[in-house]
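Q: If you want the building blocks of each chain, they are given just below.
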Amino acid sequence: MDSANTTGLLRSVIAEAYAESPHLLYVLYALQQQFLHISEEAVREVAAHLDLPSSQVDAVVEFYSFFHKTPRGRYDILFSNCTSCGYMAGGVDLMAMLGRRLDIVAGNTRGDGLVSMDQTSCIGMCDHGAALLVNGMPITSLDDTMIDRIAALVEAETPLEDWPAGWFQVDDNIRVSGLLLKDDLLAGICLRAMLAHGAADTLSEIIQSGLRGRGGAGFSTGMKWQFCREAQGAAHYVVCNADEGEPGTFKDRVLLHSHADSLFEGMTVCAFAVGAKQGYLYLRGEYRYLLPHLQSVLARRRELGLLGVDILGQPGFSFDIGIVVGAGAYICGEESALIESLEGKRGIPRVRPPFPVTHGYLGQPTVVNNVETFIAAAHIVLRGSAWFRVVGTEKSAGSKILSISGDCAAPGIYEYPFGVTIRQVLDDCGAKDAQAVQVGGPSGTLIDSAEFDRRLGFDDLSTGGSLMVFSQARDLLAVIVNFAHFFAHESCGFCTPCRVGTTLLKNGLDKIAGGHGTRYDLDEMQHLAALVKCRSHCGLGQTAANPILDGLQRFPQAFEQRLVHRDFEPHFDLDAALEEARQISHRDDAAAHIE
Amino acid sequence: MSADTKQNPITQNTITIDGQEIPFQAGQTIMDAALAAGVYIPHLCHRQGLTPHGSCKLCVVDIASRSVSSHNSDRRLQAKFPADADSRSASACTMPAVAGQQISNNTPALNEVRKTITQMLFIEGNHICPSCEKSGDCTLQAMAYHLGMLDGHFPQFFQRREVDASHPTIMLDRDRCILCELCVRASREVDGKNVFAIAGRGINAHLIVNSASGKLVDSDLETSDLAAHICPVGAILIKEHGYEVPIGQRTFDLHQVSEIGLEKTILTKVRQPDE
Ligand SMILES: Cc1cc2nc3c(=O)[nH]c(=O)nc-3n(C[C@H](O)[C@H](O)[C@H](O)COP(=O)(O)O)c2cc1C
Ligand code: SF4
Ligand code: SF4
Ligand code: FES
Chain A
1 MDSANTTGLL
11 RSVIAEAYAE
21 SPHLLYVLYA
31 LQQQFLHISE
41 EAVREVAAHL
51 DLPSSQVDAV
61 VEFYSFFHKT
71 PRGRYDILFS
81 NCTSCGYMAG
91 GVDLMAMLGR
101 RLDIVAGNTR
111 GDGLVSMDQT
121 SCIGMCDHGA
131 ALLVNGMPIT
141 SLDDTMIDRI
151 AALVEAETPL
161 EDWPAGWFQV
171 DDNIRVSGLL
181 LKDDLLAGIC
191 LRAMLAHGAA
201 DTLSEIIQSG
211 LRGRGGAGFS
221 TGMKWQFCRE
231 AQGAAHYVVC
241 NADEGEPGTF
251 KDRVLLHSHA
261 DSLFEGMTVC
271 AFAVGAKQGY
281 LYLRGEYRYL
291 LPHLQSVLAR
301 RRELGLLGVD
311 ILGQPGFSFD
321 IGIVVGAGAY
331 ICGEESALIE
341 SLEGKRGIPR
351 VRPPFPVTHG
361 YLGQPTVVNN
371 VETFIAAAHI
381 VLRGSAWFRV
391 VGTEKSAGSK
401 ILSISGDCAA
411 PGIYEYPFGV
421 TIRQVLDDCG
431 AKDAQAVQVG
441 GPSGTLIDSA
451 EFDRRLGFDD
461 LSTGGSLMVF
471 SQARDLLAVI
481 VNFAHFFAHE
491 SCGFCTPCRV
501 GTTLLKNGLD
511 KIAGGHGTRY
521 DLDEMQHLAA
531 LVKCRSHCGL
541 GQTAANPILD
551 GLQRFPQAFE
561 QRLVHRDFEP
571 HFDLDAALEE
581 ARQISHRDDA
591 AAHIE
Chain B
1 MSADTKQNPI
11 TQNTITIDGQ
21 EIPFQAGQTI
31 MDAALAAGVY
41 IPHLCHRQGL
51 TPHGSCKLCV
61 VDIASRSVSS
71 HNSDRRLQAK
81 FPADADSRSA
91 SACTMPAVAG
101 QQISNNTPAL
111 NEVRKTITQM
121 LFIEGNHICP
131 SCEKSGDCTL
141 QAMAYHLGML
151 DGHFPQFFQR
161 REVDASHPTI
171 MLDRDRCILC
181 ELCVRASREV
191 DGKNVFAIAG
201 RGINAHLIVN
211 SASGKLVDSD
221 LETSDLAAHI
231 CPVGAILIKE
241 HGYEVPIGQR
251 TFDLHQVSEI
261 GLEKTILTKV
271 RQPDE
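The listed protein sequences derive, respectively, from chains A and B.
In terms of our numbering, the first sequence has 454 at position 454, counting the first letter as 1, and numbering is strictly consecutive.
In terms of our numbering, the second sequence has 224 at position 224, counting the first letter as 1, and numbering is strictly consecutive.
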């Protein structure tokens, strides 16, 4: 194709996408889909069409993992690298296996442009075993025979529609239902209850219920809504945080799949309470496969008069919800980074104060809540605050939906009253010989078996929903190394302690895991971890060192047994550096080695 | 807290830094108040008159908890100081001054933290001071001396970073960039242009130029722009003016960084004599 044609095609793809949604991420996704990469020319064309600086477009393309400046394959395969749904989850390296079958190295696109392969952070399929995304569609429960078949299907250029449909099946795996999961709400039922009560009473009911944010922070939802309602602004916004990037978390996936009406109901209740006309659902890119379903629920709600102008015939009550899909960046789960991302920028956490409730999306008062929070709010409006309060504990009212994965017989979704012990949870999911549990994902707390009587709740073990079980057979150091790689990969790079510190921690752990660490390295790690934790700008950096600090405190032997017993060992391995020279000279005698 | 301050009018509009009481005006940050009072808080990404950034973290201070606002909706802050609940870390350049704040600044522990952060900045980039034109005028180097930093401590990253020598009068050597975004903000807020931005994520974050080719020569950067002069390190340099001031007589040969840091920066366009 000549260059005039390319430009023409670029422009038409951009114009078409922009007409559908003005969000930069949407337009860039359309280009990535169509051209398998976003070229320099595409960056300039987008900048011109959206009237943005080309540096902003460029910066965004380079920030998000799912945008590429060089072409990906027609089959783009991304293996999760999570400890629960990653390519090593079954004990064999499935990514290396597929790489051998397809003659391709991770991170690359094959010369013929047919296929590219890489790893990506947790894709939220942790209850389904090893999983990957092929052109954005999840395939779960991978094993070596499937890897062979995938390789064959790719080589034969079989369209994804003709791959075995069962592979793409994602189940809910709800094992224990409580307050919220017992039944999906009939569309409109909460909104009618809310209109009967009025906005002020609805808000005070939410406050009285004691509902606290389910994304993990645990801020009072009612107070957040109240602050937003009171804040002055040209417009108010309601944003649902469906970024669910914390490894081991997949409860929002299930809620989005099976309780979407309750979610949109909750967002609409919030809109009524704070006076918002527009809402957004920020959906993580890994869950793009849920988009058609969510769009159809929204469309049906519009038909039923539950979204749009004069909702349920109430004059002046207008609200609608748009969906913006992320593009592979854990940091965009942080609420202010999420807002930046919605605004078409890199996901860099803002300086706070001011907080989103006063200065959020486009600088206007904005409520950001987790999926589960909105669903709980919807139920409370219907059934009253007392119904909610009787469950759970004094400080942590209601229930918590857990995503349980790792070494247990029945991974899946479990809803418990707050205050449940870890022991109870482990019994229920069939975790027989747990040596450790990671509560709240890598950013949470790693506990050992002496602590299994601790309880879930904001005053003890807080979690956004991730609970990963590690049996006696697990190499905990490997788990901690995995988490350190995750944080270094996901650090946004804004502040020095986290940008440099997470990479230093990762390198230090790799050195220890590789059998080159000394006692000195452990002490260094401890010191550095404390600094990263205390001095980073946002929650990512402030929690990135938790697995290391918890690990050093509770499982020191996991580190110590790998140490070499010298005072100091350099990061640089002299003998290994000579390997290339040995290969070239075909020597491997004693004199060709150092030491 | 408001009830508290009403009872105690003395703390109405003052904060305390290392025991010294300092007045502030509404809207000022801790940094603004400190600098106005002649109290130096180390800083690299801050310049009076530009929007505070809060990224380098050299300005970390500890604020005693009783003056910390409880309005914080982030889960991770609650888990932040499980053991040490009586003070909280903050960036002085972005944290609003609030009456009665008890702030630690010039303490051995905080300066140790700052030294480590400075070492991080050194090993992340490629800083070969003896061969750098900015030596002696470089705030990063001066900070290292100020904090008693003797080495990089951590293993070097040896990152590959691009040099852009395309512009006839201005040179961009990303090896030395510390991502402070002073040039980004100066260009937007003072020069009325938008020459620079940061792209990429994490350790791959890097400075980019807003032009069709991505090169400086195709941008509208001029020698008279503040953005061409504001770089605290030797990443943005004016060509053909090297070593005009001999080593030994440069800014930080003659002054401490703690003196220079107190100077009020008047943000007017810098004009070269030959223009
Ligand atoms: C690095 C980071 C990632 C986060 N990821 C999520 C997420 O995926 N989903 C979520 O609801 N909250 C996440 N949060 C918390 C949000 O910042 C915010 O507190 C939450 O969305 C508020 O909603 P809630 O009050 O309903 O919990 C994250 C925070 C940080 C620091
Ligand atoms: S702590 Fe990490 S993720 Fe958060 S702002 Fe700093 S670099 Fe970015
Ligand atoms: S070039 Fe200089 S001023 Fe600009 S970000 Fe880098 S270090 Fe800061
Ligand atoms: S001076 Fe405050 S963070 Fe850089």
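By construction, these hints were calculated from the structure, which means they are not laboratory data.
Treat the numbers as computed from the prediction; the structure is a model and nothing was measured.
The beta-carbon is built from N, C-alpha and C at its ideal position, and this holds for glycine as well.
One thing to keep in mind: the hints can contain errors.
To be verified - Distance windows between CB atoms, simulated: (1) A:Tyr289 with B:Lys215: 39 to 45 angstroms; (2) B:Thr16 with A:Ala530: 39 to 45 angstroms; (3) A:Glu157 with B:Phe157: 55 to 61 angstroms; (4) B:Gly152 with A:Glu579: 51 to 57 angstroms; (5) B:Gly152 with A:Leu9: 21 to 27 angstroms.
Stated by the list, open to error - Simulated pairs of lysine-lysine, DSBU-like, Cα-Cα distance not exceeding 35 angstroms: (6) A:Lys511 with B:Lys239; (7) B:Lys115 with A:Lys345; (8) A:Lys345 with B:Lys193.
Q: For each hint, tell me whether it holds in the structure or not.
A: Here is what the structure says about each hint:
1. At about 40 angstroms, the beta-carbon gap between Tyr289 of chain A and Lys215 of chain B stays in the expected band of 39 to 45 angstroms.
2. In this structure the supplied range 39 to 45 angstroms is violated for Thr16 of chain B paired with Ala530 of chain A, their Cβ-Cβ distance being about 26 angstroms.
3. Between Glu157 of chain A and Phe157 of chain B the Cβ separation comes to about 41 angstroms, which falls outside the hinted range of 55 to 61 angstroms.
4. Range check, Gly152 of chain B to Glu579 of chain A: Cβ separation about 27 angstroms, and the 51 to 57 angstroms hint is violated.
5. Take Gly152 of chain B and Leu9 of chain A: their Cβ atoms lie about 49 angstroms apart, and the range 21 to 27 angstroms is violated.
6. Of the pairs offered as hints, the one joining Lys511 of chain A and Lys239 of chain B is violated, with about 42 angstroms between alpha carbons and a cut-off of 35 angstroms exceeded.
7. With a CA separation close to 32 angstroms, the supplied pair Lys115 of chain B and Lys345 of chain A stays within the 35 angstroms bound.
8. For a cut-off of 35 angstroms, the pair hint linking Lys345 of chain A to Lys193 of chain B stands: about 18 angstroms separates their Cα positions.
Hint check: violations occur at hints 2, 3, 4, 5 and 6; the rest are consistent with the structure.
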